Structure formats: C-alpha cells, structure tokens
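Asks: So the protein lines, in turn, are chains A and B.
Residue numbers for the first sequence follow our numbering, so the first one is 1 and each next one is one higher.
Residue numbers for the second sequence follow our numbering, so the first one is 1 and each next one is one higher.
Bear in mind the hints are in silico, worked out from the structure with no lab data behind them.
Be aware that a few hints might be false.
[As the list claims (entries may be wrong)] If you only want the chain B side, here are some residues facing chain A, beta carbon under 7 Å, derived:
no., residue
1, I69
2, D255
3, R259
4, Y261
5, G262
6, R268
7, V269
8, E330
9, L331
All of these numbers come straight from a predicted model, not from anything done at the bench.
C-beta: ideal position from N, C-alpha, C; glycine also.
Letter by letter, the chains look like this.
Protein chains: 2
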Amino acid sequence: MKADNDINGVIISSRIRLARNFNDYPFPFRMNNIQAKEVVDKVRCMVFDCNIDDLRDFLFVDMQGMNDIEKQMLVEKHLISPDLAISNRNSAAIISRDEKISIMVNEEDHLRIQVIHQGIKLNDALEICNKIDDMLDKKSNYAFSNNYGYLTCCPTNIGTGIRASVMLHLPALVMTGYIRNILEACSKLNMTVRGIYGEHSGALGNIFQMSNQVTLGQTEEEIVTSITNIATQVVEQENAVRNELYKQNAMAFEDKVCRSYGLLSNARVITTEESLNLISDVRLGIDMGIINDINIEKINQIMLLIQPASLQKFVGRQIATDERDIKRAELIREKIAICK
Amino acid sequence: MKADNDINGVIISSRIRLARNFNDYPFPFRMNNIQAKEVVDKVRCMVFDCNIDDLRDFLFVDMQGMNDIEKQMLVEKHLISPDLAISNRNSAAIISRDEKISIMVNEEDHLRIQVIHQGIKLNDALEICNKIDDMLDKKSNYAFSNNYGYLTCCPTNIGTGIRASVMLHLPALVMTGYIRNILEACSKLNMTVRGIYGEHSGALGNIFQMSNQVTLGQTEEEIVTSITNIATQVVEQENAVRNELYKQNAMAFEDKVCRSYGLLSNARVITTEESLNLISDVRLGIDMGIINDINIEKINQIMLLIQPASLQKFVGRQIATDERDIKRAELIREKIAICK
Numbered sequence: 001m002k003a004d005n006d007i008n009g010v011i012i013s014s015r016i017r018l019a020r021n022f023n024d025y026p027f028p029f030r031m032n033n034i035q036a037k038e039v040v041d042k043v044r045c046m047v048f049d050c051n052i053d054d055l056r057d058f059l060f061v062d063m064q065g066m067n068d069i070e071k072q073m074l075v076e077k078h079l080i081s082p083d084l085a086i087s088n089r090n091s092a093a094i095i096s097r098d099e100k101i102s103i104m105v106n107e108e109d110h111l112r113i114q115v116i117h118q119g120i121k122l123n124d125a126l127e128i129c130n131k132i133d134d135m136l137d138k139k140s141n142y143a144f145s146n147n148y149g150y151l152t153c154c155p156t157n158i159g160t161g162i163r164a165s166v167m168l169h170l171p172a173l174v175m176t177g178y179i180r181n182i183l184e185a186c187s188k189l190n191m192t193v194r195g196i197y198g199e200h201s202g203a204l205g206n207i208f209q210m211s212n213q214v215t216l217g218q219t220e221e222e223i224v225t226s227i228t229n230i231a232t233q234v235v236e237q238e239n240a241v242r243n244e245l246y247k248q249n250a251m252a253f254e255d256k257v258c259r260s261y262g263l264l265s266n267a268r269v270i271t272t273e274e275s276l277n278l279i280s281d282v283r284l285g286i287d288m289g290i291i292n293d294i295n296i297e298k299i300n301q302i303m304l305l306i307q308p309a310s311l312q313k314f315v316g317r318q319i320a321t322d323e324r325d326i327k328r329a330e331l332i333r334e335k336i337a338i339c340k
Numbered sequence: 001m002k003a004d005n006d007i008n009g010v011i012i013s014s015r016i017r018l019a020r021n022f023n024d025y026p027f028p029f030r031m032n033n034i035q036a037k038e039v040v041d042k043v044r045c046m047v048f049d050c051n052i053d054d055l056r057d058f059l060f061v062d063m064q065g066m067n068d069i070e071k072q073m074l075v076e077k078h079l080i081s082p083d084l085a086i087s088n089r090n091s092a093a094i095i096s097r098d099e100k101i102s103i104m105v106n107e108e109d110h111l112r113i114q115v116i117h118q119g120i121k122l123n124d125a126l127e128i129c130n131k132i133d134d135m136l137d138k139k140s141n142y143a144f145s146n147n148y149g150y151l152t153c154c155p156t157n158i159g160t161g162i163r164a165s166v167m168l169h170l171p172a173l174v175m176t177g178y179i180r181n182i183l184e185a186c187s188k189l190n191m192t193v194r195g196i197y198g199e200h201s202g203a204l205g206n207i208f209q210m211s212n213q214v215t216l217g218q219t220e221e222e223i224v225t226s227i228t229n230i231a232t233q234v235v236e237q238e239n240a241v242r243n244e245l246y247k248q249n250a251m252a253f254e255d256k257v258c259r260s261y262g263l264l265s266n267a268r269v270i271t272t273e274e275s276l277n278l279i280s281d282v283r284l285g286i287d288m289g290i291i292n293d294i295n296i297e298k299i300n301q302i303m304l305l306i307q308p309a310s311l312q313k314f315v316g317r318q319i320a321t322d323e324r325d326i327k328r329a330e331l332i333r334e335k336i337a338i339c340k
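Generate coordinates for the entire structure from the input sequences, incorporating the hints supplied.
Replies: Given below as structure tokens:
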C-alpha cells in the first residue's frame with residue numbers, strides 16, 4: 001500500500017498556458033493572410049534571438065507545411081490544440097526539443113505559450129512561461145488594458161490569460177463512483193474537470209484534466225496555488241480510496257490489474273479505447289507496487305504512442321482502422337517486451 | 001496452419017480397461033470383508049511374482065489406508081475410478097511407477113486392468129493389458145462362460161470386458177457447434193462420448209472421452225480398430241474446422257488464444273472451470289503453432305495439477321475453496337514461468 005502523500009503516480013503532468021495578443025494586429029480570426037504571416041515571422045525572429053536556455057534548440061513548425069498525420073501527432077502529444085491542427089490560417093508552433101515548451105502562433109490568440117512538466121510542477125511551469133512571456137513582451141507591444149489586464153479573443157481568457165491544468169489518473173474514484181462528488185466540488189470551486197481526450201470525450205483510461213475556469217480577479221500565483229491545493233486533495237482522496245479497495249480484497253484487486261496486464265501484453269488486436277482502459281489498470285498496478293515489470297514512464301510513453309496518428313508515424317505509413325488495431329497490439333507488446 | 005493428419009495435439013490419451021472376475025469368489029458387492037481381503041492379497045502376490053517389465057516396480061495402494069485427498073488425486077489422474085475412491089470395501093490399486101498401468105482390485109469387478117498411453121496408442125495399450133491379463137489368467141480361475149465370454153458384475157461389460165477410450169480436445173468443434181453432429185454420429189456407431197470430468201459433468205475445457213458402448217459380439221482388436229478409426233475421423237474434422245476458422249480471421253483467432261494465455265499466466269485468482277477453459281484456448285494455440293512459450297506436455301501437466309486434490313497435494317495441506325483459487329493461480333504462473 002502506498003503513502004497518501006505520494007502524488008506523482010496520480011498526477012501525470014502539469015501544464016501552464018498563457019494567452020497573449022499583439023496590439024498592432026487584429027485578433028487572428030480577423031487577420032488577412034499577410035498579417036498572419038507577419039505575426040508568425042515576427043514571433044519566430046523574437047524566439048530565435050532570445051537567450052532563454054530552454055528555448056535554445058527549438059523546432060519551428062509551419063502548420064501549412066504539415067500533413068494531417070503529423071499535425072494529429074502534435075495534438076496527441078498535447079503540443080498543439082485540435083483547433084490549430086484544422087485551421088487554414090497561416091499559423092505555426094515553436095516547440096522546444098524536450099517538448100516541454102510549445103508556443104502556438106495564430107491559434108485563437110496571436111500567442112499561446114504553453115509549458116508542460118511531468119508530475120505536479122505548476123510553479124516550475126509558470127516560471128518558464130513567465131520568462132518567455134517577459135522576453136516577448138519586451139520585444140513587442142502586448143494588447144493590455146489597465147482595467148482588464150491582457151486582452152484575449154475569447155472573454156473567458158481575459159485578465160491573466162492563464163490556464164493552469166493538471167492531468168490526473170483517477171481509476172479508484174471512477175471505479176467507486178466517487179468521481180461524481182469530485183466533479184461537483186470542483187465545479188463549485190470554479191474548476192473545470194474533463195476527460196483528457198478533447199472537450200467532448202468521456203474520460204477514457206480514467207484520465208482527467210483539471211483546470212481553472214476564471215482568469216480574472218486573481219493573480220497567476222493565486223491561480224496556480226489554488227489548482228495545486230485542490231489537485232493535491234483529489235490525489236489524497238484517490239489514494240485513500242485505492243488503499244480502502246485494496247484492504248477490502250487485496251487478491252481481487254491484484255487479480256484485476258494483473259489480468260489487465262496479461263491482456264495488454266498478449267492481445268493481437270486492440271482498440272484505442274480498450275488499450276487505454278487496460279493501461280489505466282496497469283498504471284494503477286505499477287503505482288500500487290503490484291506490477292514491477294514495467295514503470296510509470298514507460299506506460300505513459302505507450303499511452304501516447306497508441307493514439308492513431310502517433311501509431312501511424314511509428315509504423316511509418318498510413319494504415320486502415322482494422323490494421324491499426326493489429327499494429328497497436330504489436331507496438332504495445334514490443335514496448336512491454338523491452339521492459340522485461 | 002497444421003496438417004490434417006497431425007492428430008497428437010487433438011488426442012490427449014488412449015486408454016484400455018479390462019474387467020475380470022475370479023470364479024471362486026462372489027462379485028465384490030456380495031463379498032464379506034474376509035473374502036475381499038483375500039482377493040486383494042491374492043492379486044498383490046500374483047503381480048509381485050510376475051515377470052512383466054512394465055510392472056516391475058509397482059506401487060501397491062491399500063485404499064483403506066489412504067485419506068480423501070490422496071484418493072481424489074488418484075481419481076484426478078484417472079488412476080482409480082471415483083467409485084473406488086468412495087468404496088468402503090477392502091480394496092486396492094496396483095499402479096506402475098510411470099502411472100501408465102493401474103490394476104484396481106474390488107471395484108465393481110474383482111479386477112479392472114487399465115493401461116493409459118499419451119496420444120493415439122490403443123493397440124500398444126491393449127498389448128500390455130493382454131500381457132497382464134494372460135499372466136493373471138494363468139495364476140487363477142477367471143469367471144468365464146463359453147457362451148458369453150468374461151462374466152462381469154454389470155451386464156454392459158460382459159463378453160470381452162473391454163472398454164477402449166480416447167480423450168480428445170475439440171475446441172473448434174465446440175466453438176462452431178459441430179460437436180452436436182459428432183455426438184449424434186458417435187451414438188449411432190455405438191460410441192459413448194462424454195465430458196472428461198466424470199459421467200455427469202459437462203465438457204469442461206472442451207475435452208471429451210470417446211469409448212465403446214458394446215463389449216459383446218466383437219473381438220478386442222475389432223473394438224480397438226473401430227474406436228481408432230472413428231477417433232481419427234473426429235480429429236480430421238476438428239483440424240479442418242480449426243483451419244477454416246483460422247482462414248476466416250487469422251488475427252481474431254490468434255488474438256483469442258493469446259489473450260487466454262495472457263490471462264492464464266497473469267491471473268491472481270482463478271477457478272478450476274475458468275482455468276480449464278483458458279487452458280483449452282492455450283492448448284489450441286500451441287497446437288496451431290501460435291503459442292511457443294509453452295508446450296503440450298507442460299499444459300497437460302498443468303491441466304492435471306490444478307484439480308482440487310492435486311492442488312492441495314502440491315500446496316502440502318488442505319485449503320479452503322477461496323484460497324484454492326489463489327493457490328491455483330500461483331501454481332499456474334509458476335509452471336508457465338518455468339517454461340519461459
């Protein structure tokens with residue numbers, strides 16, 4: 001059984017995203033092609049010339065030069081938004097080599113500065129965001145109002161323009177149905193909780209993203225502290241329920257996670273949905289010390305690779321849905337076998 | 001895909017059993033204790049003095065000196081009948097060290113001489129049975145009628161006193177429902193087909209025993225030839241259906257057997273019934289060349305060891321049903337891990 005204060009198995013990652021716009025251009029949805037291209041070039045130059053260590057060796061991704069699979073892969077890695085992937089606008093993403101930093105240009109706003117960290121590290125992520133933000137601010141004119149703060153295309157982002165979010169793995173709360181209480185409580189605290197794979201999907205693999213609803217009337221630090229505190233409480237509840245379930249019937253608990261591991265490492269045909277649900281059990285098993293053949297980092301990597309686009313990239317060509325389920329099973333077996 | 005003429009994966013074992021009685025004693029159900037003891041001693045001495053190689057190093061099992069688990073274990077290994085295990089009569093079993101030969105004394109008849117071989121080897125089994133039969137016949141007076149042949153307690157055994165049977169693994173015929181046609185056809189040919197685990201149970205693990213109904217009016221050789229021919233035809237049908245199923249959807253086929261292997265080798269709690277059904281899939285997978293981590297002999301051994309009494313013997317003590325499902329899973333994992 002694991003200590004209640006061990007939170008890194010439950011919190012997969014932390015993300016900070018800042019929305020910013022330039023004063024001297026209309027919002028992206030009102031820009032013409034020339035303006036859009038100007039903004040992309042301007043941001044590219046500013047980043048190229050900057051002396052921020054984390055951005056020293058970035059990748060510049062011209063969205064119009066990417067095919068659908070490549071774009072979808074970036075979405076699956078949470079490096080760009082689904083909206084940017086389908087946009088016809090002249091747009092780009094600037095991505096650090098370690099894929100922790102991503103600056104989207106001409107998404108809903110001129111700039112979306114995003115930093116992702118493993119585990120619960122919102123403060124660290126905010127610090128890097130601020131560094132990039134300051135650098136860009138110095139080199140340009142942000143759209144800023146003394147009354148409202150940063151001006152953004154959508155009013156929900158106005159003010160700090162910050163969205164802080166954590167990705168949580170909550171299998172025990174889902175299994176017992178307590179997740180409903182958590183969702184209600186979070187809503188009352190002005191938090192949004194949703195399934196990881198897009199705004200409209202259910203919580204495949206028991207993975208949820210929790211983020212702030214409000215960007216106005218609080219400082220960035222207050223927002224980060226508030227999310228960190230609430231997430232920590234949710235983790236404590238998840239761990240308490242896990243321990244309770246384990247205490248009630250340790251063998252049934254171990255049986256469930258081990259069987260899922262057996263299926264995941266032996267299936268020859270498997271859908272994304274089934275994979276994510278089995279991975280959820282295996283992740284729980286690893287975190288509870290029941291499964292030792294494979295570690296959390298490896299299972300996180302597999303979770304990413306089995307997404308449709310990443311899978312096709314891995315196989316090296318476009319594949320039909322049927323074959324995808326076969327290749328997905330092959331990939332999972334291969335990745336698990338390496339661990340042994 | 002496997003050749004249609006490869007029958008050893010489908011036929012697990014062949015068994016010949018002869019029923020014999022002595023002229024100078026009443027049938028077992030009418031004997032008193034003294035007579036019963038005399039018959040046991042008499043047979044023991046005859047076997048002790050014989051010069052049959054296969055019986056040189058036999059084990060004499062006094063049924064009254066055995067506890068229930070030990071008796072049940074012999075039943076699970078098909079070395080004694082369930083009836084002998086629960087009999088209060090003075091009775092015994094003489095078992096060769098390799099457990100291929102078993103002579104039950106004072107079951108329904110004074111003598112039940114049984115020889116089991118792996119694969120389809122009824123002729124070899126009959127040969128050894130005959131050798132033992134001749135030896136015992138020379139040293140005693142069998143109850144024999146010139147009109148009817150060997151006299152037995154139950155009229156269904158009268159004549160040759162022979163029961164020839166083969167144990168078959170027929171997952172594809174069960175899966176497709178064709179097994180019903182096979183059962184009907186066998187019945188018309190005077191064959192009895194039943195699930196392996198006792199006369200009243202279903203066919204757990206898709207394993208069937210096929211044996212002759214009639215012991216009168218045919219020679220031993222004719223009966224053996226007839227069973228061998230019919231069994232060979234059933235095997236051909238089983239293999240044809242397997243190949244057809246595989247051809248229809250090779251990936252779904254492989255997926256099914258591999259998932260079963262994954263569950264079997266990872267479960268922490270498992271019932272006898274589920275084990276036998278998963279073992280059936282794995283056995284099919286081995287036989288079709290899909291699973292290579294483990295061989296047929298090993299899976300046959302596991303199939304035997306997971307039975308309640310054998311399992312308790314393995315653990316070394318009596319265990320409750322709940323714990324049995326845990327120990328069974330442990331044993332299976334251990335046995336499969338050794339193969340890898």
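Asks: None of the hints should be skipped; say for each whether it holds.
Replies: Each hint, compared with the structure:
1. I69: This hint is violated: I69(B) lies away from chain A, its Cβ roughly 23 Å from the closest one there, beyond 7 Å.
2. D255: 4 Å, holds
3. R259: 6 Å, holds
4. Y261: Since the shortest Cβ distance to chain A is 6 Å, the answer is holds.
5. G262: 3 Å, holds
6. R268: The hint holds - R268(B) has a Cβ within 7 Å of chain A, the shortest such distance being about 4 Å.
7. V269: 4 Å, holds
8. E330: Constraint on E330(B) not satisfied, violated at 11 Å.
9. L331: 15 Å, violated
Going through the hint list in order, the structure does not satisfy hints 1, 8, 9.
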